[in-house]
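Asks: Here are the chains, one letter per residue:
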Amino acid sequence: MTDAALPLPGVAEAEAAFRADQARERMKRRLLPLAGILGFLALWAALVYVLQVPPFIAPSPFAVAHRLVTDFPKLISNLAPTAIEAITGFLLGNIAAIVTATVFVHKKSLEQAFFPVVVILNTIPVVAKAPILVLLLGNGMEPKIAIAALICFFPTLVNMVRGLESVNPQAMELMRVLSASKTEIFFKLRLQNSLPYLFSALKIAASTAVIGAIVGEWIGSTVGIGALIIQAMYAFDSALLYATVIVGSCFSVLFFLAITLAERLVVRWQPPASH
Amino acid sequence: MHAMSSAVECRNVTVRFVTERRTVTALENVSFSLQRGGFLALLGPSGCGKSTLLRVVADLIQPTAGSMAVLGQTPEEARRDRALGFVFQDAALLPWRTAIQNVQLPLEVGGGPKSLPANAPTPRELLKLVGLEGWENSFPHELSGGMRQRVSIARALVTSPRMLLMDEPFGALDEFTRDRLNEELRRIWQETRTTILFVTHSIYESVFLGESVLMLAANPGRVREQVNIDLPPDRTLAIRDTETFVRVAAGLRKSLEH
Ligand SMILES: Nc1ncnc2c1ncn2[C@@H]1O[C@H](COP(=O)(O)OP(=O)(O)O)[C@@H](O)[C@H]1O
Ligand SMILES: [Mg+2]
Numbered sequence: 000m001t002d003a004a005l006p007l008p009g010v011a012e013a014e015a016a017f018r019a020d021q022a023r024e025r026m027k028r029r030l031l032p033l034a035g036i037l038g039f040l041a042l043w044a045a046l047v048y049v050l051q052v053p054p055f056i057a058p059s060p061f062a063v064a065h066r067l068v069t070d071f072p073k074l075i076s077n078l079a080p081t082a083i084e085a086i087t088g089f090l091l092g093n094i095a096a097i098v099t100a101t102v103f104v105h106k107k108s109l110e111q112a113f114f115p116v117v118v119i120l121n122t123i124p125v126v127a128k129a130p131i132l133v134l135l136l137g138n139g140m141e142p143k144i145a146i147a148a149l150i151c152f153f154p155t156l157v158n159m160v161r162g163l164e165s166v167n168p169q170a171m172e173l174m175r176v177l178s179a180s181k182t183e184i185f186f187k188l189r190l191q192n193s194l195p196y197l198f199s200a201l202k203i204a205a206s207t208a209v210i211g212a213i214v215g216e217w218i219g220s221t222v223g224i225g226a227l228i229i230q231a232m233y234a235f236d237s238a239l240l241y242a243t244v245i246v247g248s249c250f251s252v253l254f255f256l257a258i259t260l261a262e263r264l265v266v267r268w269q270p271p272a273s274h
Numbered sequence: 000m001h002a003m004s005s006a007v008e009c010r011n012v013t014v015r016f017v018t019e020r021r022t023v024t025a026l027e028n029v030s031f032s033l034q035r036g037g038f039l040a041l042l043g044p045s046g047c048g049k050s051t052l053l054r055v056v057a058d059l060i061q062p063t064a065g066s067m068a069v070l071g072q073t074p075e076e077a078r079r080d081r082a083l084g085f086v087f088q089d090a091a092l093l094p095w096r097t098a099i100q101n102v103q104l105p106l107e108v109g110g111g112p113k114s115l116p117a118n119a120p121t122p123r124e125l126l127k128l129v130g131l132e133g134w135e136n137s138f139p140h141e142l143s144g145g146m147r148q149r150v151s152i153a154r155a156l157v158t159s160p161r162m163l164l165m166d167e168p169f170g171a172l173d174e175f176t177r178d179r180l181n182e183e184l185r186r187i188w189q190e191t192r193t194t195i196l197f198v199t200h201s202i203y204e205s206v207f208l209g210e211s212v213l214m215l216a217a218n219p220g221r222v223r224e225q226v227n228i229d230l231p232p233d234r235t236l237a238i239r240d241t242e243t244f245v246r247v248a249a250g251l252r253k254s255l256e257h
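Protein sequences, first through last, are from chains A and B.
If you're matching positions, the first sequence starts at 0 in numbering that gives the first Met the number 0 and goes up one per residue.
If you're matching positions, the second sequence starts at 0 in numbering that gives the first Met the number 0 and goes up one per residue.
Next up, chain A with everything else stripped away, as it sits in the complex (with noise of 0.2 Å):
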């Protein structure tokens, strides 16, 4: 390579020049989205100030941020219940629904007995399923976990089925050359397989799950998220209504993030096609 020992004039200008555009890329990546709130927590103030809305209609973003501060043992107090909630289900819905695609995976007659049904079920909208789930288990934790686990198992169960059964033909046949058995190929193959597929699902699940505890504890409960946001509408409390809102999706944001840090873990390979 004889390039590098050519002095070509400007080339040094140019990558340094080059460079720094990049680095302002990527400054401005950063910064952009952060203007991007500034501006809209800017414009809800105004709004609130210049249209003087009443404190019982809508709160402005300092009264919010003041309720966050002076009633966070509360707010926190009520997380904890929903957050349990949220996750129990979680975990209950996605495990049922992983061993489900398990059992149609290999059982293609069960898969065309009960996926029309399971079908037909998701179908009921949640607030129709948190009744009816709170007629049957009470006034306890369980509607809700019940409620969050029923709204993570259908996607999770139609995104496993899809990954257990999209495993590479040329790889299904080299495990029968190689006289694989049957548990063999579900651990080595389909269940690797079905890992990036799982995650989508879960990232999902992570979201819907807080929604259906939420949902669970609007209909006659006295804790939780779900619990307080009824409460302070009813008592005209905007600001407590919003900082309820707010901490109930820093918790859903945190989730999630959750989910994707330990898809970075456990999914190290690229897949084959990214979604």
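Please note that the accuracy of each hint is not assured.
Derived BS3-like pairs: lysine-lysine, alpha-carbon spacing no greater than 30 Å straight-line [unchecked claim]:
(1) A/K187 - B/K113
(2) A/K187 - A/K202
(3) A/K181 - B/K253
(4) A/K106 - A/K181
Please keep in mind that the hints were generated in silico from the structure rather than gathered at the bench.
Following the hints, complete the assembly by docking chain B with the ligands onto the known chain A.
Replies: Frame of chain A; chain B with the ligands shown alone:
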């Protein structure tokens, strides 16, 4: 007794696929034999049943009629004995395993190889044999098409199989990579002394690689002719410019044309 010394004894094999709409005769009355330690190239246009024939040898499908003996056993016994290594057109590596973990796969499943010779090469040595020293811990998506196919050859060799079945393994590669891998496959065959049954639709590849070429015709798939290739065992790519090579290849082409 004759059958015992053969790697493959194929007698009047017919394979029919019955689908809802029609019946396809993929192979009709195919007979051939392959000596142990031999290198047979299966040559023919696509759709003439080459993959089907290889799948019958590997016990992935059963013939509708006729008999197939593999290493003096039924194809199923040979498969259960882990006597076969299979290389697919698309390397079929498991994307979540590194190169060396992919090579190790045959040792982990199906109860592992029945009996490995004491001097059997390790996965690491096999990767070196196929020219991938230093790439052991790379994932398939980090390797080029040619490198992936090398890994799959190493994987097929890890159980020290008595026979290697290869289904157009270099069909999807560019010409340069393909040429280099052809040369290396000849070397590997000479070093390991494994019987090889190699499917291709390239006349040049079949003449360069095979000690013998079995030509198939399509619709229905049947044997057209078997030709012995009288080229020296040590072959480099330069051999393709020799008069003998050109003459043999031209002969095969003529025979395929009518
Ligand atoms: N599983 C199958 N079901 C139905 N038809 C098949 C099947 N496998 C192969 N065939 C048919 O058999 C014929 C030979 O196929 P194949 O062995 O793949 O040919 P080649 O490998 O020489 O291209 C083709 O006509 C193909 O459509
Ligand atoms: Mg084929």
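Asks: What hints, given by number in increasing order, does this structure fail?
Replies: The structure breaks only hint 3.
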